[in-house]
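Residue numbers (the numbering used here), protein chains in the order written: chain V, 1 to 375; chain X, 376 to 754; chain A, 755 to 1062.
Take these hints with a grain of salt, some might be off.
Here are the computed lysine to aspartate or glutamate pairs in the DMTMM-like style, where the Cα-Cα straight-line distance is at most 20 Å [claimed, not checked]:
id: 1; chain 1: V; residue 1: Lys201; chain 2: X; residue 2: Asp735
id: 2; chain 1: X; residue 1: Lys551; chain 2: V; residue 2: Glu297
id: 3; chain 1: X; residue 1: Lys541; chain 2: A; residue 2: Glu891
id: 4; chain 1: X; residue 1: Lys741; chain 2: V; residue 2: Asp195
id: 5; chain 1: X; residue 1: Lys416; chain 2: X; residue 2: Asp500
id: 6; chain 1: X; residue 1: Lys711; chain 2: X; residue 2: Asp733
id: 7; chain 1: X; residue 1: Lys664; chain 2: X; residue 2: Asp675
id: 8; chain 1: X; residue 1: Lys497; chain 2: V; residue 2: Glu85
One side of the interface only, derived from the structure: several residues of chain X facing chain A at Cβ under 7 Å [what the hints assert, rightly or not]:
id: 9; residue: Asp429
id: 10; residue: Arg577
id: 11; residue: Val579
id: 12; residue: Gly582
id: 13; residue: Val588
id: 14; residue: Ala591
id: 15; residue: Ala596
id: 16; residue: Val614
Read the hints as simulated data drawn from the structure, not as lab findings. Positions of the beta carbon are idealized from the N, C-alpha and C atoms, including for glycine.
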Amino acid sequence: MPSSSDSAVDQQPLTKLPAAPWSRQLSLASAPAYAAALESACLSIGALVVALVLFGIFVAVGGHDPLAVYGALYLGAFGTRFSIEGALTQASPIILTALCTAVPARVGLLVIGGEGALVLGGLCAVLCATASAGAPGWIGALVALLGGTCAGAAWIGAVGALKQWRGVNETISSLLLNYIAIALFNHLISGPIRDFSQTLKATSWPVPPAFGIGSIPGWSVHWGLVIGIGLCIVLFVVLRYTTLGFSMDILGGNRRAAQVAGLPIGRLLIVACLIGGGAAGLAGAIEVLAVHGAASESLIVGFGYTGILVAFLARQNPLAVIPVALLVGGISASGGLLQRRFDMPDATTQVLEGLIFICVLASSAFAGRIRWLAR
Amino acid sequence: MRSGELYSSTRRDVLIRGANLVAAGALLGPLGSLARAADAKPIKVGFLYSASRDDYGFNQSFAVAAKRIAKMPGVSVEEQERVPETAQCERVMESMIQVDGCKGIVATSFGYWPFVLKLAAKYPDVLFIHGGALWKDGDPKNAIGYRGYMEEPHYLCGIAAGRMTKTGKLGFIGSKPLYFIFNNCNGFVLGARSVRPDATCRVVITGDWDNPVKEAQAVNALADQGVDVIIADVDGPKVSIETAERRGIYSCGYHTDLSALAPKGFLTGAEWNWAKAGDFIHAWQTGGKYPNLLRGGFKDGMVAISPFGKAVPENVRQEVLKAQQGFVDDTLKLYKGPLKDNEGKQVLAAGQTVSNTDNDYKVNVKWLVEGAIGETGLK
Amino acid sequence: MTASGIGWYGVALAIIGGALRVSTPYLFVSLGEVLTEKSGRVNLGLEGILLMGAMTGFAVGSLSGSPWLGVLAAGGAGALLGLLHAGICNLPRVNDIAVGIALFLFGMGLAFYLGKPFIAPRAAMLPALQLGAWSNEPAVRAALEISPLFLIGIALAIALRWGLANTRWGLVLRMAGESADAARALGYSVNAIRTLATMCGGFLGGIGGAFLSLYYPGNWNEGLSSGQGLMAIALVIFARWNPLRCLWASLLFGGASALGPALQTVGVTSGYYLYSAAPYVLTLALLVYSSSTRHTLAGAPSELSISR
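Could you build all of it, start to finish, from the sequences and the hints given here?
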């Protein structure tokens, strides 16, 4: 019975990689790669349709007209320019927190610590901004963003390090670290770094207004969205076309193969965690700089957990994270309309998201079964 | 009284009871404008809540007012619950304005304020009302902040508690370490010690707006210390009141009328009266005048106390109502010398008083009065 | 600092009482998870199951007037969600941890959706046993006011400990968790065993939720659980998959949750956020200390994805 941690990852097909990652580089631009991507997309869309049908039945049982509810969902999510802006606003933090799960998943780790990395990123952004008060706006903003990124990276990096050196399960340690991060955050903003002029809510020192991140001209969406999309594209390219990404895929696909190939396994695990944690920390920093202007409990609203959902829906592909985050953002944004139009509970959209999540996971059982795609 | 009792009190009952209470409060001013509302333009008002609106707490206190406002001529109400204090609340308000055509927004939770300010500048034809008096000069004129001086009804609860306690030990459960929570605590202790000079009050801060397990733990821990009256300044004090009832100790309510939750041990409670929003909306409809910043206590009808519980004898009721009248007439001052904090330091010398409307003083209260066991952590 | 009167003695009582009151949901959920994990699967969706159980228990309790019926219904709801988890995990190439996270989100959404009309009503509470009736001290009497569910939980922990070690069923369950191939070779359906184990685990998790809504703190709203279901997963590791140790660990975690409020009642006021993080820090420290890259955690089923 294999019981060493070496077998920890090779029996867990988190990412749907081809059985032999070796063959992939040879056929980078060839038909099988596209067929795999196409199959993946078809499965996701199929799962989405099934989830929507199940949701319709659920809604109908509750006495509502499913078609009308679908209509309101569409209208609230993507029906108008206004609602698209709403979806984009919702999507911008979860694009980044999704990377916190998606990137470590490439090396076979299931990290769910995005929430903790996000709040600490926000916290560290405040500290860095305070330290660089007086600097020109863009420098201060840059320092704060970098500070947030580093904090998140270190937090999740520790998860990777514990995995590598102590064999601590990364899912459990990142879950525990979420609670620890939130406790630490609450402790600091209610005392040591508190802005006492904010009377109705425990809030950290404010970030100098000059460091704030503004909106994209003509849109009521802040630049954080562009940063998130940019990072997704960069990571997609890095993971797909560089040696680093290739090594990660080998490690994620088969740890033994990675060992045989002499890859630096520990370093790869930790780098993947650093990247993921950095993305979530960046999300926290952006929330602070673009939305709140300080760190407060408004950062702890579950962006990290929604990110896990997005990562799985996107099948851990950074590029797919973008549309999926938009979809999930749109669904949450339309929740208000469902409440006000149909008097449905606010959790309606949560039910839909849960159904989609379950259907997408179930659909991975059919990977490789759709024969006509492979031809 | 553990089992076997099935309470039939529904949310509707509670809301109606609350609405009646607000109607009674109308004597003091709010909604007095109802009668001359015939010329009002139709208006849609959107309410945003941070949690469920039947939470027996802060959100319900606003929902009671919303119910009432929805009955005003020409006014219809849209409501959305559990809106987080993030960029999402900004989107929700805009959606109410753009999609539903709301011309009035009532943003109930404190954290909505920065977003309210941003949108008030963007939509000058919409009235924004916020349940936290944070408006200052230079802020948009179509934004209103209003809030009651909750320490006054806490003082009255304190009187009832001081009269009813046998052990002389009271308990105060607070959610977050914030100035108004500590003012409420001070009010409660001062009220109690005005009738029972040796009374002490143990202060427990849970650290969360809403954490039922911790609140129940706090009530039990207090009861274990011999505390026999508690008040819980948390978002939804339902669990605290019910736990106190089970432990057989007295309790005081907060936010809204909670008397149904503890038929035996409920004394009275500190309540908001948010119905002034009806006046603001009416003024906006008819082009009348409205304040941008409104703070007030009993004198302005912004706060109220809950109906007395069975346990409270007539003489105590009279004493409490007399003190209430003292606040209405402004003859009773909450903070008056000689006053020491709980570290023995003199805060106010004999003869010194603080006006009940001196908000700047209250915001800077970072200490607890003598008799309170605990610290603010604000110093 | 004036810890007058009952003072520190009261603090100790509050912690003991708190441990007895708060430990039950931890106990049920962690026993359920031990059962599931012993069969070789992890159910990370227990938080969703717990919330569904709490909601169902409260709803049925308040509609029917019988809290015990509510407890049963809560168990049923938990078992159904367990069946959903198992059903999806039985498909090929599906990761059980991921399904657990999905179930967590789905169960939470469903509980909040269906539970909306039950936030305002009240339900009859489960009765309590007065084991402290001998004492004149009200604090002692209150601390020893025990829910029958807690006693059932203790009995269950002992029974599970014995049953896993000494019965045929226990052996088959453990075999599925230690070596699926061996179980298959002996003609058992590993999937069927794991499905049953996950359903039983869900049943217990649902009862843990019903305890929250029908006994302590005895209420239903969206903020009811502060992560007890997620915590139980760490607790199982803390207890090294031993049902009896689950009992001690539950008491420890319960006591830790009473520590902050109890200390504040005697004037120790600073750092309440840090106290509440104590169980998480403790579990993490234990994990770091006892894990190794060379061998599995002692007591961990070999087939388990989180222990490898």
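Hint check results:
About 17 Å separates the Cα atoms of V/Lys201 and X/Asp735, which keeps this hinted pair within 20 Å; it holds. The straight-line distance between the Cα atoms of X/Lys551 and V/Glu297 is roughly 11 Å, inside the 20 Å bound, and the hint therefore holds. About 15 Å separates the Cα atoms of X/Lys541 and A/Glu891, which keeps this hinted pair within 20 Å; it holds. About 14 Å separates the Cα atoms of X/Lys741 and V/Asp195, which keeps this hinted pair within 20 Å; it holds.
As the CA atoms of X/Lys416 and X/Asp500 are separated by approximately 14 Å, the hinted pair is consistent with the 20 Å bound. Between X/Lys711 and X/Asp733 the alpha-carbon distance is near 12 Å, which keeps this suggested pair within the 20 Å criterion. At most 20 Å may separate the alpha-carbon atoms for a hinted pair to count; X/Lys664 and X/Asp675 meet this at roughly 17 Å. The suggested pairing of X/Lys497 with V/Glu85 holds, with an alpha-carbon distance near 16 Å, which does not exceed 20 Å.
Given hint, X/Asp429 at the interface with chain A, holds; its Cβ is 4 Å from that chain's nearest Cβ, closer than 7 Å. A distance limit of 7 Å between C-beta atoms decides the matter here; for X/Arg577 the minimum to chain A is near 5 Å, and the interface restraint holds. Hint on X/Val579 holds. Least Cβ distance to chain A is approximately 4 Å, under the 7 Å limit. The closest approach between the C-beta of X/Gly582 and any C-beta of chain A is roughly 5 Å, which is under the 7 Å cut-off, so the hint is satisfied.
With its C-beta approaching chain A no nearer than about 6 Å, X/Val588 sits inside the 7 Å limit, and its interface hint holds. Evaluation of the X/Ala591 hint against chain A yields a held restraint, the C-beta minimum of about 4 Å falling below 7 Å. A least Cβ separation of about 4 Å between X/Ala596 and chain A falls short of the 7 Å threshold, and the interface hint therefore holds. A cut of 7 Å between beta carbons decides the hint on X/Val614: the least distance to chain A is about 4 Å, and the hint holds.
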